[in-house]
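Once you know that position 23 of the sequence shown is 27 in this note's numbering, the rest is easy, because the numbers rise by one and skip nothing.
Among the hints, a few may not be true.
Said to hold, decoys possible - Between beta-carbon pairs, the in silico distance windows are: (1) Leu160 - Asn193: 40 to 48 Å; (2) Gly179 - Ser218: 35 to 43 Å; (3) Glu103 - Leu160: 40 to 48 Å; (4) Glu99 - Leu142: 28 to 36 Å; (5) Asp123 - Arg78: 21 to 29 Å.
Unchecked claim - Below are the SDA-like pairs computed for lysine to any residue, each with C-alpha atoms no more than 20 Å apart in a straight line: (6) Lys116 - Arg71; (7) Lys107 - Thr271; (8) Lys116 - Asp139; (9) Lys269 - Ala47; (10) Lys116 - Ile228; (11) Lys107 - Ala47; (12) Lys116 - Ile196; (13) Lys46 - Arg92; (14) Lys46 - Leu185; (15) Lys269 - Trp195.
Since the hints were made in silico from the structure, they are not lab data. Being a predicted model, the structure only gives us computed values, none of them experimental. From the three backbone atoms N, C-alpha and C, an ideal C-beta is built for every residue, glycine too.
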Amino acid sequence: MNLAGCYGNALLPTPNVDRLAAHGTVFDQFWMHSIHLEPNLKAILQGIQPDGWLVASDSPHAIRMLRQREGLDRLEVSPSLQEVSFERLLTESLECWLEQRQKTPFLWIHSKGLHGTWDAPYEFRKLMCDSQDPDPPLDQVPPELILTTDFDPDLLFGYACGAGAQSICIDQGLGLILQALEEFGISENCWISMAGILGFPLGEHRRVGLSDRSKGFADRNYPIADAYSERLHTPWITRPAQQMDLGVRISQLHQPSDLGRWIEKITQAGGRFDSDEPSPLGQLAWATGVDEIALCTERWSARFDTSGNPEGQISLSDERLGEVYCFPEDRWQQNEIANRVPEVQLILRQIASLLLDAPPSVDPHSSEIETLLSDLQSYRR
5 MNLAGCYGNA LLPTPNVDRL AAHGTVFDQF WMHSIHLEPN LKAILQGIQP
55 DGWLVASDSP HAIRMLRQRE GLDRLEVSPS LQEVSFERLL TESLECWLEQ
105 RQKTPFLWIH SKGLHGTWDA PYEFRKLMCD SQDPDPPLDQ VPPELILTTD
155 FDPDLLFGYA CGAGAQSICI DQGLGLILQA LEEFGISENC WISMAGILGF
205 PLGEHRRVGL SDRSKGFADR NYPIADAYSE RLHTPWITRP AQQMDLGVRI
255 SQLHQPSDLG RWIEKITQAG GRFDSDEPSP LGQLAWATGV DEIALCTERW
305 SARFDTSGNP EGQISLSDER LGEVYCFPED RWQQNEIANR VPEVQLILRQ
355 IASLLLDAPP SVDPHSSEIE TLLSDLQSYR R
């Protein structure tokens, strides 16, 4: 999330992502439905009609899901002797799409991104380093660990350098796409949207990488949680075919289901869509993890542990109070204040319970939740 200039990064060059943002719409509060890929990808797929789409991916998890969706044209870029590079995925996707774009005018490229091999040139990792900093590690496998209380900050900085290097490659890949569209003379006819489906934790809450509670705890007294902003809050930027002279930013909460509906409206309306159109759930975003649920409202964010019974019913755990943070000021959820705002914690807990109790077929944005969200507005921070 924080690896692009338009989202606050001042260390790494991401000129192509920033150019997209400068002439399009930046959705500042794009929150995932889950800490895992599948629910987020499924939410987008449910929002679009498959006819006219070419979907390309190098992710085995995504490919398995895409094979279950009838009507989609797929390009499965599989690894050979070496891991598929991001550039190869983009090149093959563009070549295939340009050959058949009369049949499939819409192209969706799903990349593993930071979850794939960290194969960026090593000199990109050095861009974040001062002369006094140790050299970043050479590892190409994304890290997966839990930080101990006495962790080495230089080691964590090295992982951040690796992630930053990959973000530069992603930016260059976007530049490749923009250049190709201009060279073929079709840039002014193409909408471009770039979105993340999962963030990559870098130790903000002791987790580095994309493991979860099912892989075990660091210790029994402090089970590591994962439903935090570094994993759930991702970029979403859209540039219309007719570029804006000056880009805009949307601060309303959105989730992958909104992205699916947005894509469908663009494709069905001949490339016309009002980016200010409100999200049906614009006052609330929520996500699930392994034995946990996270909420984000216009003024607060929260995380609660959950537990299940033999019948499969999920409810809030009574063992821990829960966590509450000011939003959006405490963007990285570092200052937990549940004991200072017990009334707010209680309302957020009630909302979480209602969301867990709602059957999948029922719209969770009920009048009862609306009332509780309205009540939250009366509490000062």
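Okay, the hints, checked on the actual structure:
At about 45 Å, the CB distance of Leu160 to Asn193 agrees with the hint of 40 to 48 Å. Here the CB-CB span from Gly179 to Ser218 is close to 38 Å, well matched to the stated 35 to 43 Å. A beta carbon spacing of about 45 Å between Glu103 and Leu160 agrees with the range 40 to 48 Å that was offered as a hint. In this structure the hint that Glu99 and Leu142 lie 28 to 36 Å apart at CB holds, the actual value being about 32 Å.
Separated by about 24 Å at the C-beta atoms, Asp123 and Arg78 satisfy the suggested range of 21 to 29 Å. At most 20 Å may separate the alpha-carbon atoms for a hinted pair to count; Lys116 and Arg71 meet this at roughly 17 Å. With a CA separation close to 14 Å, the supplied pair Lys107 and Thr271 stays within the 20 Å bound. This hinted pair does not check out: Lys116 and Asp139 have alpha carbons roughly 26 Å apart, beyond 20 Å.
For the hint pairing Lys269 with Ala47, the CA-to-CA distance comes to about 15 Å; that is within 20 Å, so the pair holds. Taking the CA atoms of Lys116 and Ile228, the gap is near 24 Å; set against the 20 Å cutoff, the hint is violated. Between Lys107 and Ala47 the CA atoms are separated by roughly 25 Å; this puts the pair beyond 20 Å, and the hint is violated. The hinted pair formed by Lys116 and Ile196 meets the criterion: a straight-line CA distance of about 19 Å does not exceed 20 Å.
For a cut-off of 20 Å, the pair hint linking Lys46 to Arg92 is broken: about 25 Å separates their Cα positions. Proximity of Lys46 to Leu185 is assessed by CA-CA distance (about 28 Å); at most 20 Å being required, the pair is judged violated. Proposed proximity of Lys269 and Trp195 is supported: the alpha carbons are some 12 Å apart, at most 20 Å.
The structure is inconsistent with the numbered hints 8, 10, 11, 13, 14, although it conforms to all the rest.
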